[in-house]
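Here's the letter readout for the chains.
2 protein chains.
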Amino acid sequence: MTHGPRRYVLSAGLLALALAGAGAAQSARTDVDVTALSNELSVRRALNGVRRTESDTIREQIRICEVPAPPFGEAPRARLYANAMREVGLANVRIDAAGNVLGERRGRAQRPHLVLSAHLDTVFPADTTVKVRREGAVLRGPGIGDDCRGLAVILAVARAMRDTGVQTEGSITFVGTVGEEGLGDLRGVKALFHETLKGKVDRFISVDGDGYSLTNVGVGSRRYRVTYRGPGGHSYDDFGRASPVSALGLSVAAISRIEVPATPRTTRNVGRVGGGTSINAIPGDAWMEIDLRSSDEDALSNLDAKVKAAIQEALEVENGRRKRDDPLILMVEPVGNRPAGRTAVATPMVRTAAAVLKTLGLPARFDEGSTDANLPMSIGIPSLTVGGGGSGRDAHSPRESFDTTDSWKGTQMVTLLAIALAR
Amino acid sequence: MTHGPRRYVLSAGLLALALAGAGAAQSARTDVDVTALSNELSVRRALNGVRRTESDTIREQIRICEVPAPPFGEAPRARLYANAMREVGLANVRIDAAGNVLGERRGRAQRPHLVLSAHLDTVFPADTTVKVRREGAVLRGPGIGDDCRGLAVILAVARAMRDTGVQTEGSITFVGTVGEEGLGDLRGVKALFHETLKGKVDRFISVDGDGYSLTNVGVGSRRYRVTYRGPGGHSYDDFGRASPVSALGLSVAAISRIEVPATPRTTRNVGRVGGGTSINAIPGDAWMEIDLRSSDEDALSNLDAKVKAAIQEALEVENGRRKRDDPLILMVEPVGNRPAGRTAVATPMVRTAAAVLKTLGLPARFDEGSTDANLPMSIGIPSLTVGGGGSGRDAHSPRESFDTTDSWKGTQMVTLLAIALAR
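Chains as they are written, first to last, in numbering that gives the first Met the number 0: chain A, 0 to 422; chain B, 0 to 422.
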């Protein structure tokens, strides 16, 4: 997962809005009286059960994490995870064409249909040591929070629901997705919504990483690799030829001048540049990698268009002022496309989630990020990404750690949320 | 050697100027009647001798070339070359502190003192295969023309002068220099003129590469490695921090807009750029390598000042518009400094050289380049770089070749020029 820094605690007014109706008569059929729900016997048993068996959940978190799941290499962990789904009693366990693992828990009806998901993949290359070390309450290992935590938590939810006979109106499909991180470009969740479960999902929860925040804003991104190419030549003999590095410079300079709105937060970054072979040669090529982000799809499209115009204009300027020989050519290769989206605070799903947190005595902290939930948000399916409890550090670093202190609260939160959303 | 494309054949008027007095009564004591000189018995013998023994010269060219002389690793070839100097009868053969090889041929007096030089170093790394192949008249091997040819030719001159008893008024020091190429930055010839032979040289000829052209314009250069460095960070979370890549882009764009004169030819090149570690990280650093050149020292200094101002201004602009955190820092590291210089066509030395070509039936073709002669030119010592005859291809490439057809003409040219300039 990639969180933004835009965490915000719900203000009193917003909280009132989010909670309106949550404990009162239901104005929308998707609103649930969470307090009452949490007092039902089977639900209370499930919540007590996940607290009592949190040490099993943590062991499962470690076991999953010690099977590598590098980008585009999730299959070994997927096989382990499918077996784990069978062990907790899920039905119709399968791996889809994209590599996502799915397992079902039927309710009284097929709908409403909740997908409860976590992602299999890590950011770490195949040769990373994935052994997990325990130091008191702290687990250390690559991916231990992001997202072995989510994978273990949703298994715990399935186990608790089976063991306590919780009844739900709708059904839940538990999913381990591939390709959430980086160049994975959400390919698992894209396949899930566009193919495997197309048209069949009403709500989506991704449990991703640590903590208790609710990610209701999906930061979208567009990524490009841009290359200018030309004949190159000798710095002195061939002076006057178009230079790919000059075009790159013009375009980076122009991109750096593009104004972006602070709200909705929108950013641009030229993350890597390169080009040329020798100090005394006109470069034959120059390239850059660009990352554009926004919490708003229109703002992102607008920035995207300006950046592309700047890239094209730099080509024309450099070609226009060359004194000799062939013009430069330009290649713009998309290397990432994550749609932006949001699930408004005033929707039943967010109201329910806020009520779950309140019922469990946790603060309602909202966040924005770039997660699997971006995709369903962008096509109008109510979606949230939630933390799995505990507290993590150094995600996306080999030093990653996860502090299990009170992490059962996260398992409880996801359990109650899943039951509420499947009602 | 690095030649420019600015070759020009001397026009009739310029040629007349260059030749004025060459065949007539001497108006300057450094002018020599080359035609008369070439008819002196010992000189005629020497010229015939180098023609007759050209095959020995070519064998020597191959033998030298099969001892590697990578940048900063010329010592093995230097030792071979010192022995070769002893074999052709030079006196006081030695290797100076910089690694240059020197050997002397005293005339009747110490002055005028001519240095006849070629460079030991190649552009090829230490592990390059240096075996030379012969295919008919063509030799193939890295450095075979640039500058094994020059090294062999000046040895042939020494041998011919010894064998034919040519008398000269002044003395000649034969030199194999280190560090002519690339990052060698003329360190051999700098040491020669600033230390080893400081104040003792009246004229300088470098025999560098193939052909018959006279390089009387020394293209100067300044080279820099420029680095912007900052805190880096996450492309979305830390947006608003100063970006080293943005500063680099601004500075490349500004440098690409600097107007440079066509005459004296002046050029700028950003040859390599790099920076950043990940598409979604604000780069921690960004760097470029810049090559500035001119045939005129003032034009070069002027360009140099503008480029430095652009680099500094880009720093200030990017730091000025940052919204948060630490400013960027800037490092500008000089990695090359070759002074520009020229030996005017109307000087006795150039007139003599033009007369030598005319006497031997060769066209007087002038050139500019960046060679060992830059250094003495820049401190006012009459200097030329001349070709060693034959015709070369693909210098600075492992495919380099040298066609020996009529290459004896080059050996003759250098022989006659050396005798004329030591008179």
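No lab work stands behind these hints, which were simulated from the structure alone. Since we're looking at a predicted model, the values are computed, not measured. Some clues are possibly wrong.
Copies of one chain are not kept apart here, so a pair can be met inside one copy or by any two copies together.
To be verified - For lysine-lysine, the following DSS-like pairs were computed, each having C-alpha atoms within a straight-line distance of at most 30 Å:
{"#": "1", "residue 1": "Lys357", "residue 2": "Lys305"}
{"#": "2", "residue 1": "Lys322", "residue 2": "Lys305"}
{"#": "3", "residue 1": "Lys307", "residue 2": "Lys322"}
Going down the list of hints, with the structure as the test:
1. Lys357 - Lys305: Answer is neither; intra-copy 43 Å and inter-copy 63 Å both fail.
2. Lys322 - Lys305: Close inside one copy (28 Å) and across copies (21 Å); limit 30 Å.
3. Lys307 - Lys322: both (25 Å within a copy, 24 Å between copies)
Hint compliance for this structure: hint 1 alone is broken.
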